[in-house]
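Guided by the hints, dock chain B onto chain A, whose structure is given.
Number of protein chains: 2
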Amino acid sequence: MNFKIQKRMFNNVLAVVAKAISNSAPIPSLSGVKITVSEENVTFIGSDSNISIKTVKLPSDELVIVEEGEAVIDIRYISEIVRKIDSDMVNVEIIDGTLCKISGNKSEFKINGMRPSDYPNINFDHSSDFFELDVKKFSDLVHRTVFACSDQQIRQALTGLNLKTEGDKLVASATDSYRLSSMKIDFVKNGDFNITIPSKIISETCNIMADEKKIRVYIDKNKAFFNSDETTVLTRLIEDAFPNTSHLLNIASTQVLQIDARSLQDAVDRASFIKSDGKSVVKLKINTDSLEVSSSSQEIGSSHEVLSIASYSGEPLVISCSGKYLSDAIKALRSDVMTMSFKGESKPIIILSPEDPDIIEYISPVRTYN
Amino acid sequence: MNFKIQKRMFNNVLAVVAKAISNSAPIPSLSGVKITVSEENVTFIGSDSNISIKTVKLPSDELVIVEEGEAVIDIRYISEIVRKIDSDMVNVEIIDGTLCKISGNKSEFKINGMRPSDYPNINFDHSSDFFELDVKKFSDLVHRTVFACSDQQIRQALTGLNLKTEGDKLVASATDSYRLSSMKIDFVKNGDFNITIPSKIISETCNIMADEKKIRVYIDKNKAFFNSDETTVLTRLIEDAFPNTSHLLNIASTQVLQIDARSLQDAVDRASFIKSDGKSVVKLKINTDSLEVSSSSQEIGSSHEVLSIASYSGEPLVISCSGKYLSDAIKALRSDVMTMSFKGESKPIIILSPEDPDIIEYISPVRTYN
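Same order as they appear, the protein sequences are chains A and B.
Numbering of the first sequence is given in my numbering, commencing with residue 11 and proceeding in unit increments.
Numbering of the second sequence is given in my numbering, commencing with residue 11 and proceeding in unit increments.
So here's chain A without its partners, still in its complex pose:
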């Protein structure tokens, strides 16, 4: 194996595949980047077995193929070398077995690689059916929902973001069973699907694809492929069925509040630092004129403030919920004004944006005794 590559290109491609490489790799060879040089191109692969990334580079002024071959090199070592090397073009060459020489102008490194035969065979083949996504719209969809995923591994399905078709829309939903964030976007679909992708992996995929405009998505039985021109991200799917959440959102409300989102956000953030047992619970006391936001803890003390509201219909209400969940929901809404619908103090709060009917937030109330 022998090729020359521009330092900046090498840095970039290593940074991309490094996103799939774990510090605590399940098998030693997965701590490395696999480089395969063929007559046509150079392929870089990184994987932690849950997410795998492949980037293919074609020969150019920035990439010169000298000799075919393959190598697996610890991502930390090669990244560090390429960052620091003293020339614009970097030469990478297997000189003996797995010993890889990486040289710049005057500086030269000989790094012990790993055996390519020990690297797991990662199958990047996929069905030919795909749909296309606008990266910006898709990233938006992910970021405004994925925060509601559970971080408890007990119910696998809740640790992932559910993506499914609903009519001509793509719906993303995440829930930890105490809250739910769900959002729809328009897209040109190609068949129906209903998949759940681990939350970290789908967020990472959006980061990796951030510089692209459009990506193609291929869905197979237990994996999904996100494809740009040069890079393919292969993600594991969660096999457990995602719960049906549509009934949660069909609650006939008895009380409806409209309020400036920013002022509620600020008040909730202020109140939330007062935690009991590490949890922030904010109490909302609502009547036709105002909303009182308060919090208290035996240990720390209490907070209290009164906000003016845009409108309120229904009986006066006192309801408590997680300050963090409410704050997260308001942030995801990205709306100037927000609508909160209630059905008494013990039923969930539904939060909507009058400006955007395609996003909905759901929060279970917390029972308090003071």
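Certain hints may be false.
Any copy will do: because identical chains look the same in the list, a pair fits if it lies in one copy or spans two.
[Unchecked claim] The calculated SDA-like cross-link candidates involving lysine to any residue, where the alpha carbons are at most 20 Å apart (straight line), are: (1) 120 x 309; (2) 94 x 341; (3) 120 x 289; (4) 120 x 314.
FYI, nobody ran anything at the bench for these hints, they're computed from the structure.
Leaving out everything else, chain B in the frame of chain A:
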């Protein structure tokens, strides 16, 4: 106790005293800021018993004294409140025992304070003898030497920065017994002294005083006071005697190298990522034409590069030392060209700047067997 203070001023003063407050305070009340309101001023104190900070604010448009008194409030809570509060002026008032009300425009917090009588009595009285320091010059002196302190608690004296008078100069020295960094600055002295201040504390003191021009320093038996107009930093001194290091630096060299500092720095940084047992050792092979910098580790591999030099006198030499120590020393030198003096492969390396005779770096070599 009752006073009003401008949010920004309050934020700033809390940020300053917070630098002395530890997350794991040795006694509970030290997790708080002590606020004392008198007729003349408001005093804020933070301490972890090694370093104590006092800031005194006089009444002004930004600070209105309403009623005398004192309070001790957890620094985390009060900092968070002041950061988030919804008004430009903040009202702080004891309303019941140790219960402290902090209020802004609409938002209001009642925080359980601690008993001021439980707060240790910190004596900020000092002798009247002082000398004055230019903050920028002093910070420079500290930053270019303190890195060489030991982080091993076994020999207390080596965990501190030694500051002493030498003629009309102030000399700072730090050593972990394998390396030494020593630097002098001019100052107007007022009596002789020889003190050692814990490394973290002297660095923190420089940070706290960073916005000042001049500070006054008072030295007492086992403490030092750094004084600006509003703020006093009281630091504990290390009582163990700092070793006499002057003989270390008087080595008759047999080999002298002059080299461009930046290119050696870069080469050493490149070589240093190859670590054996977590330590980077770089090997320098010097002759009249060139300097070879190399490193190797059984596990990772090896690096090698050849640098051109400005001049070399003496027998050819192969010597090894810590890559980190060499890199730190070159950084501290801040010189375009550097002089390295050797007396064979087993005696210390002395590093000097031809541009600045007031800084000297000393590094013990490492014995290698390959």
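Next on the checklist: Within, between, both or neither: how does the pair residue 120, residue 289 come out at a Cα-Cα threshold of 20 Å?
Outcome noted: between (52 Å within a copy, 18 Å between copies)
Checklist entry - For the identical chains here, do residue 94 and residue 341 meet the 20 Å Cα criterion within one copy, between copies, both, or neither? => result between (40 Å within a copy, 17 Å between copies)
Checklist entry - For residue 120 vs residue 309, is the C-alpha pair at or below 20 Å within one copy, between two copies, both, or neither? => result between (59 Å within a copy, 11 Å between copies)
Next on the checklist: Reference check for the pair residue 120 and residue 314, CA-CA at most 20 Å: within, between, both, or neither?
Outcome noted: between (64 Å within a copy, 9 Å between copies)
Hint compliance for this structure: no hint is broken.
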